[in-house]
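J.: So the chains spell out like this:
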Amino acid sequence: MEIENYCGVLEYGTDYIRLYSSIGIIRIEGKNLNICLADHESIIINGEISGIFYENQQKV
Amino acid sequence: MKQWKFISGYVKIGIKGQRVEKTLNALIANGIAIHDVSLLGRRAVSIYIRSDDLYEATVLINEHGCEPIIISKKGITAIKQMVFSKLSLLLTILVCFIVMLFLSQRVLFIQIDGLDNIEEEQVRTVLNSAGVHEFIYRKSIDFDLVRTKLIEMDESICYADIRPSGVIATVVIRESNTVLKQDDSTPASIYADKDCTILSITAENGKAMVNKGQTVKRNTLLISGDITPAGSDSRVLTQAKGEIIAQVVYRFSCVVDSICDVPMRTGNQLSVTKLETYFFEFLSEIDYSDYEIEMNEKKVITAAGIPVSVMTGTAYELKLAQGKITQSEMELRARNILDEKIKNTLPHDAQIIAKQTEFTVLDGGSLLAVISVTTIENVGFAKSI
Chain D
1 MEIENYCGVL
11 EYGTDYIRLY
21 SSIGIIRIEG
31 KNLNICLADH
41 ESIIINGEIS
51 GIFYENQQKV
Chain H
1 MKQWKFISGY
11 VKIGIKGQRV
21 EKTLNALIAN
31 GIAIHDVSLL
41 GRRAVSIYIR
51 SDDLYEATVL
61 INEHGCEPII
71 ISKKGITAIK
81 QMVFSKLSLL
91 LTILVCFIVM
101 LFLSQRVLFI
111 QIDGLDNIEE
121 EQVRTVLNSA
131 GVHEFIYRKS
141 IDFDLVRTKL
151 IEMDESICYA
161 DIRPSGVIAT
171 VVIRESNTVL
181 KQDDSTPASI
191 YADKDCTILS
201 ITAENGKAMV
211 NKGQTVKRNT
221 LLISGDITPA
231 GSDSRVLTQA
241 KGEIIAQVVY
251 RFSCVVDSIC
261 DVPMRTGNQL
271 SVTKLETYFF
281 EFLSEIDYSD
291 YEIEMNEKKV
301 ITAAGIPVSV
311 MTGTAYELKL
321 AQGKITQSEM
331 ELRARNILDE
341 KIKNTLPHDA
351 QIIAKQTEFT
361 VLDGGSLLAV
371 ISVTTIENVG
381 FAKSI
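Residue numbers (our numbering), protein chains in the order written: chain D, 1 to 60; chain H, 1 to 385.
If you are wondering where the hints come from, they were derived from the structure by calculation, not from laboratory data. We treat Cβ as the ideally placed atom computed from N, Cα and C, and that holds for glycine.
Covered stretches of chain D (chain H as the covering partner; in silico rule of three or more C-beta atoms under 8 Å from a C-beta of chain H): (1) 6-12; (2) 26-39.
Calculated from the model, a selection of chain H residues having no Cβ within reach of chain D, i.e. all distances over 10 Å: (3) Val83; (4) Lys149; (5) Thr238; (6) Ser253; (7) Ala354; (8) Val361.
Bound conformation, chain D alone:
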């Protein structure tokens, strides 16, 4: 999964990754999550993704 225009990594684990973006905090949950590439434009996350959430909001 590739996410563009993100602002930074808030938290990184194998079960979840929290990203900061202009529209809030995005939480990606799953198993064996791995940041494959991260640069100033986008971030590519590999692994078994079970869900993506805006924190304090509902599931996307």
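Fit chain H to the known structure of chain D by using the hints.
T.: Same frame as chain D, now just chain H:
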């Protein structure tokens, strides 16, 4: 992609610390692309970055309070770097080896051993004339020529040789204690110039009259120039030549009085300052001709990165006055006197192998010091028959 990564070169580094995510964001914000982020523990990750970004990344990681650990370097850049560093190391080793090989075939140092009256400079001049000098190819030395030239150099030389050992060539010279004024063919014998025990005797000309281990008195005949065969009617005489190495025991003594002139404080004193660093020391000017200094305080300051010790103290003026000295001071004086006697008496080629000093306190407080010095030296002197 993988091929491109390999060509451009990449580095796997570990980031360890409390703020790993913040460090990753800082790397990305500074234009450093990171790949394959893997968790190594609660507070540690490993990432891949391009080789070119390594320096900047290391600085940023340190700035964010984390510790960078280079796990591996991959790709053509890393291989090139490794090959060049190993190649330069190999080249350095090879050059060193060639230089060492070149130098090991040559004489780098010339030692001259056994000189008594003859000057070393004289010997070196003769060696130069025989083609022997530093950096000469060892195999090009003409040993016979050197021996002949050295023996011809001075009529007091009874034995000369050059012995190369590795890069050192040792020139061994033995001088006769008495110079024969006559020409070389004058028959002569060699006698002991002092009481001694013979350690080795080599007769080049003449007949050895003593054996190894034998103790001989002064003027004992050591190598006879009379080589008349048994039963012959006419005497056959030659000029005896050879080397006689013997063990000699010398005894020196002196008496030191307990009352003598010793430096004493006059009562005049002044403050002094001393600066001391690696390269020099500076002491403030003292007008006294003789003085002793007691330092009271020491401070270390740093000037342009160099530590400088600043010491302050007092200089006390000293003048010679009659006084009583302690036994250890008497022993020290006695040792100095005896050392001077040894220096003035022993031949230059004498090798000291043992020393023993005995002190006896005499009536009246004086100290009697006796020193026994055992040496190994050449003891022969030539005397015409």
